[in-house]
Structures are given as C-alpha cells and as structure tokens.
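Join the two chains, each given in its own frame, into one complex according to the hints.
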Amino acid sequence: MADEPQFSETIPEKVILDEPPPFLGTWPRVYRFVLIVLALVIFLAWLFTKHYAPPA
Amino acid sequence: MTTLDWIVLFGWLAFLVSYGLWRGRGSNSVNQFLLAGKTMPWYAMGLSIMATQASAITFISTTGQAYVDGMRFVQFYFGLPVAMVLLSATAVPIFHRAKVYTAYEYLEQRFDSKTRSLVTIIFLIGRGLGAGIALAAPSIVMSVVLGWPYYMTTIIMGGLIILYTTMGGIKAVTYADVQQMMMIMGALILALVIAIWKLPHDVSFLDAVKIAGAAGRLNAVDTHFNLNDRYNLWSGLIGSTFLMLAYFGTDQSQVQRYLTGKSIGQSRLGLLLNAMAKVPIQFFILFIGAMVFVFFVFERPPLLFQPVELKRLEQTAQFRALEGRYRQALDQRETAARKVKDGGPGDDFRAAQQRVNAVRDEAGKLSQDSDTNYIFLSFVTRYLPRGLVGLILGVIFTAAMSASSGEINSLATVTMIDVYQRHFHRQGSDRHFLLASRVATVFWGIYAVAFANFAQGFGALIEAVNQVGSLFYGSMLGVFVVAFFMKRAGGTAAFWGVLAGQATTFAVARFTPIAYLWYNLIGCVVVLVVAWTITTVSRRSSLVA
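Each protein sequence line maps, in turn, to chains A and B. Using this note's numbering, you'd call the opening residue of the first sequence number 1 and step up by one each time. Using this note's numbering, you'd call the opening residue of the second sequence number 1001 and step up by one each time.
FYI, nobody ran anything at the bench for these hints, they're computed from the structure. Possibly wrong hints are sitting among the right ones.
[What the hints assert, rightly or not] Taking lysine-lysine and the DSS-like style, the derived pairs with C-alpha atoms no more than 25 Å apart in a straight line are: (1) A/Lys50 - B/Lys1341; (2) B/Lys1038 - B/Lys1099; (3) A/Lys50 - B/Lys1038.
Looking at chain B on its own, in the form it has when it is part of the complex (with noise of 0.2 Å):
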C-alpha cells in the first residue's frame, strides 16, 4: 500500500459517510427514520437491496471461489428472479397496504400476538448471528491485508457504521449503498479489464477463455440433480428460489428496503432491478475469478495466498520442499496452457493443473486460514495500479459496512416496534420512540462489535453461521405463506407450524447430508403441512360440536 492508496481508501470512507449523513439528514421522525417517509424511488431501493445482499466476503470469496472451483455458484441465483416476481405480485402490496414498520407486525394483524413475537424472537436471533458475522468476516481478511490489528479494524468499521446508521436511518444507509453499489461495479470492471491487459502479449481474451474452460473453471451450469450438492441448476431454481423468498420477503433487513417505496409499483420496480441485475452480475463477478486464475497461469503465483501464513510457512522445511514440486508443477502447467490456446487437446492441462491443486491442498494443510479469501486481494494488492489498489480495498471495506448496517438498521427496527412498543411502552411520543431507535441501534452496533471480536477465534463458526440464514428462514417462510393464501388458518396453527418447522429444519440440519439449500424448501413445507392440519382437525371438531 501506497501514500496515494491510504489517501484514496480514506478519502473514499470519509465520502461515503459524509454522503450518507447527508441524505439522511432530516430522519427526525420515526417514519423517516425507519421507512424514510416512504419517498424512496425505485432505482434507490433496487440498488440498496443488491448492496445489502453482496457483502464484503460475497466479494472477496466469490472471485476466489471461480479460482478454486469455477463459476458454478451462479446457480445459486438462478432462484431470485423468480422470488422477485412472487413477492411483487403478493407481499409487496400486502405489506404497504397493511402500513407496518416491519413485517412481523403484520403477522399480529394477520393472527395473533404470540405468532408475532414467536417470529420477531427467531429474526432477532438468526440474523444477530448474521450481523456479527458480516463483521468479523471480511474484518478477518482485512486485518491481514491492511496489517492492522484485528479489533481496530471491527471498531472503525463499527464505529463507522454506528455513525451514519444512527445519525440517518434507512436513509442514510440507503443512500450510501447506492453510491456503495455504483463503486463496486466500477472497481470490479477494472479488475477484470486489468487482469485481461496483464495477460502475455501473446494470449488474447478469447485464448484466456478457451484456458478458463479447458481447466473447467467456466462451469456455469450443472444439470445433474443431487440434493446433496450444493450448488446445480434444481438446488438453484427450487432450493434457491425457497432462499430468496424466505430472505426477500420475511427478513426484515430486506422488507424494510422496499417499505421505503414511495408506492407499491416503484418498490415492485425496485426489486425487479434486482431480479433483471443479479444473476448477470454475479456472473461477471464469477468470471473474474476465472480471469484471475488465468492471469495466474502466466504469472506464477504464491503456493498460499494468505501472506501471513506464507510467510510463517514459508521458513520451514516442509514448506519449502513443497515450493519446489509446486514451481515445477506451474512450469507444466503454463507449458501446457499454451498448447491449449494454440489449439492443442487439454490432457496435458488438466493433469498439471491437478499437480498444482495436489501441492496447494497439502499446503492448504499446514495454513490456519483458509486461502480463498485471500486470491482475489493478492492479485489486486500485487498487480493493480497505485491508487486503485486503495480504492477497491475501500470498496471491500464498505461493502462490509453497506451489509451490516442494512442488518443492524433493521435488528434495531424490529427491537423498537416489535418489542420495545409492542410489549414494554405501547404510547408515547414520535421523539420518545425516535430516540428509542437511535438508542437500539448503537446497541446493535455494539453488540455487531463485540460478536466479531469474540468469533474471530471460531473460524468453523463464522463458516457455520454464514449458512444460519436457512436454518430459520424456512419456517418464517411458511408462517408468511400460510397468512397470505391459507385464509382459514388461524394463529394457533400457525404458531404450532412455525415450531414444527423449525425443529424439523433443526434435525435434517443436524442429522442428514442434505444442502443447505433444501432446508428452506423443507422447513417451509412443515409449518404448510402443520398448519393446514390443525386449521382442518380445529374445523371439523368445532363443526362436529
């Protein structure tokens, strides 16, 4: 890092604050605060959605996952258009017609007060976890690459974000996401455009591509079904589709986005951008990697990526030895790739890629961090130019910070209206309870603080809880469901089938092989099936008595 690299870090951290203070100045009403009047238009709400959802370690992990493992997450994605339509088609209108601050108030409308709370306690506990570990994540990964102590590195961005949440509300997280969004696609454009320009003279794109597939790191698309894979085109469609629904339409960090909505059609707008951009972003995000690990086919890399374990590895003899199979594997390698672009069949390739992989997983072995965080960053902090470097390491930083303050900003909604109002000061004044936002968001932002500090020893953790969205998020799922289009249930049942859902989501969790992915679909099939029994058995007996 360069003089001009930490001016432009810091230069693009203290604009994006100052622009979010700014916007969301005037947020002195609980309204504003929390919904900002609902005058958001659409471009603003589509943007903020999509910069909430790719925090920093989406970012950093995605490039370096294409490098590892291709470009088969895309899939992931393929479920979001469709969860996009549905919810602007149902919950949309439902939501803004029912004039809730957030999504669970309208299950008291819909049922009862315990069916409210019972959903408000598993939101605040699932994404509680989630908050800290937007933290920690790429908090881990850029103390390593800044070299500044770990709990600074969670204080600034926490500190950071406790400021313009608190000063601004949904506003002034809104705002700066945007500007967060439009920087991202910007930084990520250059990337790409610069691992291309730094390829040999003599590999052209179309040559970097054809390297790309013959390694098969442009697996897009998977058409076998295997519900213990993770990632394919059905766990995709269905799997995701169950995922998105669950998160787009029942997390409140996402509801609230498009409760912002100056009207129903420009929130349906805003969420139909994010339908239309998402997959080809992620995408282009993906093929990045790809590019990445063709650059690296030419440019020799390091046998582990993560510098401050190469640097403890790198003095002992095992290690070493394993540098010396690994320079020699990436000679065959490059010797190889280059009869690939001249036409040539891609045995050789392929059999010298896998020499490379076999060395970098005996060495994967004695690191204590997982090194695909850390490609993408090594190439940007190695190869691109001074200033830019600064500025994508900016970008990372807010993203992180775009994620988290989206998340604490609606923890410290759920805490003021559904519990804070709901059960301990039902009247007051607008200010009362505007202060009572702002207070529970520095609590929130604090406490995001302090679960990075205390998980950053769990690595298995953060890896656990980065999948604990799916855990809860198929009985909330179906809870919304059944209020939609199940009118005959009643709170009872549904109360019952959420319970049901979660413990039967619990033990396929803790007992099966099954993808996470499935626990949505599984989760939200329960609370359905436990619902309409009871609502069906309750009917018969009262008609029979």
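The shape of chain A in the complex, shown without the other chains (with noise of 0.2 Å):
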C-alpha cells in the first residue's frame, strides 16, 4: 500500500490555459458585450412593462 498515491491538497501540477475568446478577440469585449445586450434586455423589458401598463 505504500506506492498508492497520495493525495495532495493542491491540484496535480497543470498548466492554467488563459486563452482568448472564441469570438471578438478579447475578453474585456465579450464582458463589453454582455453588458450591453443586458442593458438592451432591461430597456426591452422596460418598454414592454410601459407598453402594457394599466393607467395610473
């Protein structure tokens, strides 16, 4: 039993890949990105509410 491995509280060595994006090339565009489109939900969702309202 003595070869069994043992466990280690880190992660087995790995190399950490930090790649890019698979689309607008930088990260800082892709979180650019999501933000707009949920800017753009929140106005969509916004209008909707004002649209079907009742009156005051």
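In structure tokens form, the structure reads like this:
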C-alpha cells in the first residue's frame, strides 16, 4: 500500500490555460458585449411594461 | 395521474439517474470526484450552474408568483450578468491559478487558517440549512400533488440524490444537470403553448397579453427606488449584483462548478452563458405564469389551488359562502376581460379582479398552506395532456434533486477538504480521501432528508430560511473582495472584518425592515471598512514603533 498515490491539497500540476475567447477577440470586449445585451434586455422589458401597464 | 403519466415520471427519473451514473463513471480519484479532473466543457458548466440555481420551488413558485403578483420578480436577476462579468474577470482566474478544490482553501493561501476556518463554518451553517430546505420545500408540494406521504417523497428524492452523487461525484451531478436543464426548457415551452392553445377561440395570443397587462401582470420593470421593496430595478441592479457576486463567487456549490472547467476560458464561457440566458429564461417562466392567469380568466379556477386544503374547507359553510361570491366575481371578471379584448377600458376588469383577489385572500386565511405554489401544478395536472403531466411532474421532481445534489456535493467537498483533511488527517492516500469524500456525501444526503422531515411542520421557518443565504453571503463576499483587492490586508483584518460584517447583517435583519437583497451589500461593505481600518491602524502602529 506504500506506493499508493498520495493526496495533495493542491491540485496536481497542470498548465493553466488562459486562452482568448472564441469570438470578439478579447475578454474585455466579450464582457462589454454581455453588459450591452443586459442593458438592451432591461430596456426592452421596461418598454414592454410601459406598453402594457394599466393606466395609473 | 394516469398510468401513462406514472410510467413517464418514473421513466424520466430512472433515465436521469442512470445517465448521471454513466457519465460519472471513472470518478476514482479525489480530483475526478470533486472537480471532474478539470475536464468540463463550458456548456456543461453553464447549464449545470443554471440547473442548480433553478430549484424546483423556484420553478413552481415563480409561475405562481406571476399569477398573483405579476412579473416584477424578474428584476431579482438583473444583477446576475453584472456579477458574472466581474467574477469572470477576477475570481475565475484567481481560483484556477491557486489550484484549489474549494474557495475557502484559497483564503488560507491568502490569509491564514483562522480566516479559512471561520468562513468554512459560515458556509457549512448557511448551505447546510439551505440543503435541507431545497429538499423540504418541493417535497411538501409534490407529496400533496402526487398523494404520497411526505416522508416517502423526501426519502425517494434523497435516496436517488445520494446514489448518483456518491457514485459519480461532480461529473454525475453536472451531466445530470445538463439533461435536466434542457428538459425543463422543453417542458416549459410546451406548457406555454398549451396555455395559449387552450384559450377560447375568440381570444388570440395578443388579446391574452393585453388582458394580462390590464391586470397588472406584465409589470416586469419598476423604476421607483424603495429600500423596503423587494423587487425593483435598483434592488435588482445593486442589491442583486452583490447577492449574485456572493453566491457565484464564494458559495462552494457554484465555485466548484467552474473549477471543473478545463481552462480559465472554458470556466468564463460557462458563467457568461448563464449571464446571457438567465434573465430571458426567468422572463419566460414569469410570462408563463401571466398566461396561466389569463387562461384562468376564461376557465373557472378553484377558490384554492391546494387540493387537500380545498377538499377540507369545502365541508365548511363559511367556505361555501365564499365560493358563491367567488363565482359571481369570476363571471364579472370574464365579462370585463372580453371588453378589454375588444379594446374597451380596463377599469371594470381591474375592479372585478380586486373582488376576485379579496375573496381569495379571505379563503387563503382559512387555509393552512400557501396557495401560490400550487397554481402552476393545478394547471398542469388538470389541463395538460396525458403523458405530459407525468413528464412535467418528473422534471419538477428532478429539479429539486438537481439543486440538492449540487449543494450536498459542495458540502461534502468542504467537509472533506476544509475540515477533515485540514484539521484531522493531513496525510493520506488518494483512495483514503476519495472514500472520505463519499462518506461525507452520504452524511450530508442523510442530513438533508432528516432536516427536510424535521422542517416540514415549520412553514414559517421554511420561508425564513429561504432567505438565509443573504444573511451570510455579504460577509463572505466581503472577505473575498479584501483578499482580491486589499493587498496589504492580513488575516487578522479579514477575520475581524467577517465577524463584524456578520454581526451587522444579523442586526439589520433583526431590527430593520430593509429588504433582504440589501443585506449582501451591507455585510460586504462592513467587512471592507473594518478590514481597511484594522490594516491602516496596524500599519501606522508598526511605522510608529
């Protein structure tokens, strides 16, 4: 049993890849894209609310 | 429930558990069992994150909430994409490079063991309560709908969770979640199509939307700022961002998901998939609730949707008198809705709706159970075709299992890595710690079933504990923000910061009416202020000395 692999609290050595995103070239651009989509979704949801809201 | 529904329900359960076990085969090392050997693709991580967050009770309650209160709950998720972006840019690369199994392990690398231990304890308390509730809340609803004894529902759910989580580890949990998430979306789309299809022939989809709007059920965005109001644009964008940052950035049930990624980029894409999809999905689920509301404008709904309570109260004269008033109010509402459809003003419709609400409120006071959770299920069981009823109930069943399995898996990971290995058994073989991980999984699974059975009689407790995350997340988020951005802060500053943040959050929850979403911001800010003050004072003292 002595040659059993021992557990290490640190994950076994492996190259940590930090590759570019598959679209838009850089990660900051992808982040901006996600936030613009969020702003657009909120704006559309607000328009939807306004359009169908009962009169105050 | 017909025979076909039972076959579909059990078929789906058997398929999901078998599939999880099959995909989780080969989890024969700690790294494989807890982190899937860091091989997970982005789409599996993203869907699994969404499935874990979408517990059954969210699924059942959300549609019911839209029926009763409209779509404003969607604002709760507005902070999620912001949090996903911030975490992709900060926490994901930091945790990956630290090569840790748990988020709390990183705290010892950055600070010291007492800070790691304190945050570990906070996580185990908060998530431990959550794991029991994640099983209890849907079990109560499902046992009523299926007519099963409550204990049997929790044991079946808990037993299946323990089986595939113990055998297949995180890989089984993740891949079962992927199937689960796709089936949830398919079932919801079918439910919406049927709700619209079953409307009277002279009521079109656009008419239905107009009627839902006239009843105030399409109130997705509220721009008024009010600290005591749970859901508005500002609590969504600010309070919810902090909650989501804490949940996805410090809660091991989520951190563990993106630590399974084969690279930093894959983990980021998993989170960003969640960022892009979550708000539209929640909007869609709430919209189904609004359409179910319109469906019941034209199809007479029961006074109470909870079948057991309805049957009990129908025997009383007081309830029968209410039913008479209810029928009258429903008739008036239907007539007024047809006027709205034809372009008339909505005043009569809203007045009739208020009369309906008033009678339902009176009936609700006689009932011993919350009715909101049974609205969607009542629609499913009474109006959906054979087979589909079984499928949707099966999906709800496994949604509860999905949320619980993720929580049990993360509790087991933290127990093994941050408690057992850190404090009781520093050295040992991989096989020994793999066995310890499995034992911890079984322990937390049995605990969740036991807690769910104990908590059954405490309805109010369940409501309270549903918000328990926000009591703990603020200070947990604070300590990670200190770790990432306050380079000079040490373990003592972080430790006292967490204690101060926790004490403040409890005080705010106990003594103020501030809505729970804001606890996360308050707890986080207190940790930062206290840690910064201690760091500054101790630096000045050491400079003077």
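*Which numbered conditions among the earlier hints are violated in the structure presented, ordered from lowest to highest?*
3
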